[in-house]
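All chains, full assembly: derive it from the sequences and hints.
So you can see what is in the structure, the chains are spelled out below.
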Amino acid sequence: MAGCKAVRPLMSTDFNEAHRRVIGLYRAFYRYIPYIEYFYRNACVTDIRVIDMLVMKGYMEYKEVDHMWQQKGHVIAHWKPSAEIKPQDFIGKFLAGID
Amino acid sequence: MLKNFSKLLKCRCFQSTSFRLQQQQTVPEVEVFINGRSVTVPSYFTILQTLRRERVTFPSFCYHERLSIAGNCRMCLVQIEGMAKLQIACALNVGKGMKIRTNSEKTMLAQESVLEFLLINHPLDCPICDQGGECDLQDLSMRFGNDRSRFTDIHFSGKRAVEDKDLGPLIRAEMNRCIHCTRCIRFSSQVCGLDVLGTAGRGADMLVGTYVDKMFLSELSGNIIDLCPVGALTAIPYMFKARPWEVRKANSIDVTDATGTNIVVNFRFDRVLRVLPREHEEINQEWLSDKGRWAIDSLEMQRLVTPMQRVNTCLCPLDWDSALNIAAGLIKCANPKNIMAIAGPHCNVETLVAAKDFLNMLGSEHTYVERGMNYSKSNTDLKAGFSLNVNMKDIVKADRILLVGTNPRFEAPVLNAWIRQAYRTNECDIFVVGPCCDYNYHVNYLGADVDCLSNAASALQGAKRPLIFVGISQLETANGGPIMSTLSKIVASLKVGSDWGVLNIITRDASFAGALEAGWKPGALEAVEKNVPSLVLSLGADESFYDWKPPAGIPFIYIGFQGDRSSELATIVLPGCAYTESGGLYLNMEGRSQYAMPAVTPPGMARPDWKIIRALAEYSDVCMPYKNLDSLHSRMGQISPNFTCLGCYQQKVFPDLVGQLVTPAKGTGCIDIDMKTLKDYYCSDVFTYNSSTMIKAQKAAVELARSSYARI
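Keeping their order, the protein sequence lines are chains A and B. The opening residue of the first sequence carries number 1 in the working numbering; numbering runs sequentially from there. The opening residue of the second sequence carries number 1 in the working numbering; numbering runs sequentially from there.
Keep in mind that the hints were calculated from the coordinates and are not lab data. C-beta: ideal position from N, C-alpha, C; glycine also. Keep in mind that the hints are not guaranteed to be accurate.
Chain A is faced by these chain B residues, among others (derived, beta-carbon under 8 Å) [claimed, not checked]:
1. W320
2. D321
3. M605
4. R607
5. K611
6. R614
7. A615
8. E618
9. K627
What follows is the structure, given as structure tokens:
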């Protein structure tokens, strides 16, 4: 067995175990999807027309991401909005000179 | 009290019946035909009036509805069926069955020809003419003129050339452009009462000008610029600044006097360029005082643009957060009972209400306006005791007027225009108790002493509609009591209807009526002398601090827009807005409430005054129940319905009680007026002497008074 070196496994000891981990990751991604596309946020919607509209918008969004039409900023905006929130209270508005 | 109420009700009933009677006595009407269409108009109408009422577009230059009819421009030539020659519509009365042809070939040809004749001698300098875009000659040439020129100067003799006149530092007279409509001449002699302008020569050689080298200075002089249909008279401060189609407009209220003159603020790129009058039939007709028109350059002079704090002798700029923290700290440390607010002359009602609420919440009742008034036991409970008790437009009906210690010509120029109208059209006799002043009508001086008021009784006796005007500055002195009690006795002895308010006060400050309505008290100076305040809050008040300085150690917060005496003394300066920036509600001397729209944004870090007070309250841990204009306005509505019911004149109640509640006092007797002549008019307060235009005008007035032509 010259040229071969026995190494310590990273995590899995055999192919089956590694396959299980891959499936596990796949499932983790899968489980996270509802949060990305606001499935849970819109879970309370019961109006069928609204649901249909949200589904259509979801498909549009999906296609835009898939085709890389959406830029990095658009995608990241789902997790961390970059726009600063304008002050709503009187003093905040006064100090900022907004009105 | 009940008796008074029933009296009041009765007079209301009487008014409505008399109104109905008036309606029944209709003027005879005649039927005329405009291009075949039958219309019925009162028999006193002229043809041009008829056409205007029926909204027929019809050209004219010299005709102006507030001036006499001259009929010399010939622009309104019109064909009347059955008359051999064309007639001028402005001067011809309607007749029964008259057939007016405004679109016949003859009429149109005449209009075209008149314009052609005018343009022969009119320079083609529209591109450099300030009137361009709002020029009647341009407009009418486009609408009624010929589209090709027959004017070829084959002999190169040139157009008519006329020497320019020097009318002073405010009005530019480019006489080549003059079309001899004589509106300026009629205005100056009829409304201003100055026979400075006139014509010389006839026909093509006619010249409009001053006969001698004399400036045209009057408190209403700016209006001749609006009246001039061409660019012969234009405003020097607005020279070459903008075209009318570039400017944006905001309807506002003039705050340089207490008349509540309606104005339009023209602005562009966030700068106020000029102020023009806005028509209001009951207040200013369509005139505007020169101060209101030209003191606007003061808005960019000595402006406070950032919050500041006093460090030794200097004022150091701060940001709002720290400035408000420091100011709130001062307020929290001061004895809340003795915190005092003093309102200046330009405060709008929003600021006044917010400031008073703030002080009341802190536990202080010390809110004062600068001007004093202490002649009455009722203080300010009776509105009739500190306002004009007659609708301003009704002044023209007066047949005898007594002026006591006031010169309305400079204190309220547009009100004076009404007095002069009464003098001209109603043969009104005018009597004066007070020193000799420049009035623009003939007056009979009864003496300059309070005792001379006894002569006034006989002067006013027998008058059907007498009016008495008292200057507010008289009520500040100890003379106020004797004057008002004597005058009330005179009024009681006169036989006039109860709906006619005889005794009127001419106030001077735009904020005065609004402040008193909101519950502020007059007499700031007296109040600070009576008990020393623990903190002074000045809302644009400067005048008082020339006479009184807050003692060392007393914190002084200034909220205002102009750096003058107050900001010199202030511990903290919080930059506020001028009337063109914040707008707001103003009550004029009649008690009529009018809303001024904001035009431009406040400069730098300046904020609307009421918001500063609201923020200051929040920093001082006082919660005020409003945070936007809507909620503030509903709060104002709670205080007085006058603050939300805009525009209308309301009759004052219990005018007879004013005389009964006078505090007996012995005055010095001598009556004085601070604005006697024109040179005192231009720079009479802090706002106007910060205006360089007004200073130029004042210098010109001094020069004019010195010149040998002054008395011609």
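Hint by hint, here is what the structure shows:
no., hint, result
1, W320, "holds, 5 Å"
2, D321, "holds, 6 Å"
3, M605, "holds, 7 Å"
4, R607, "holds, 7 Å"
5, K611, "holds, 6 Å"
6, R614, "holds, 7 Å"
7, A615, "holds, 5 Å"
8, E618, "holds, 6 Å"
9, K627, "holds, 4 Å"
In summary, the structure agrees with every hint in the numbered list given earlier.
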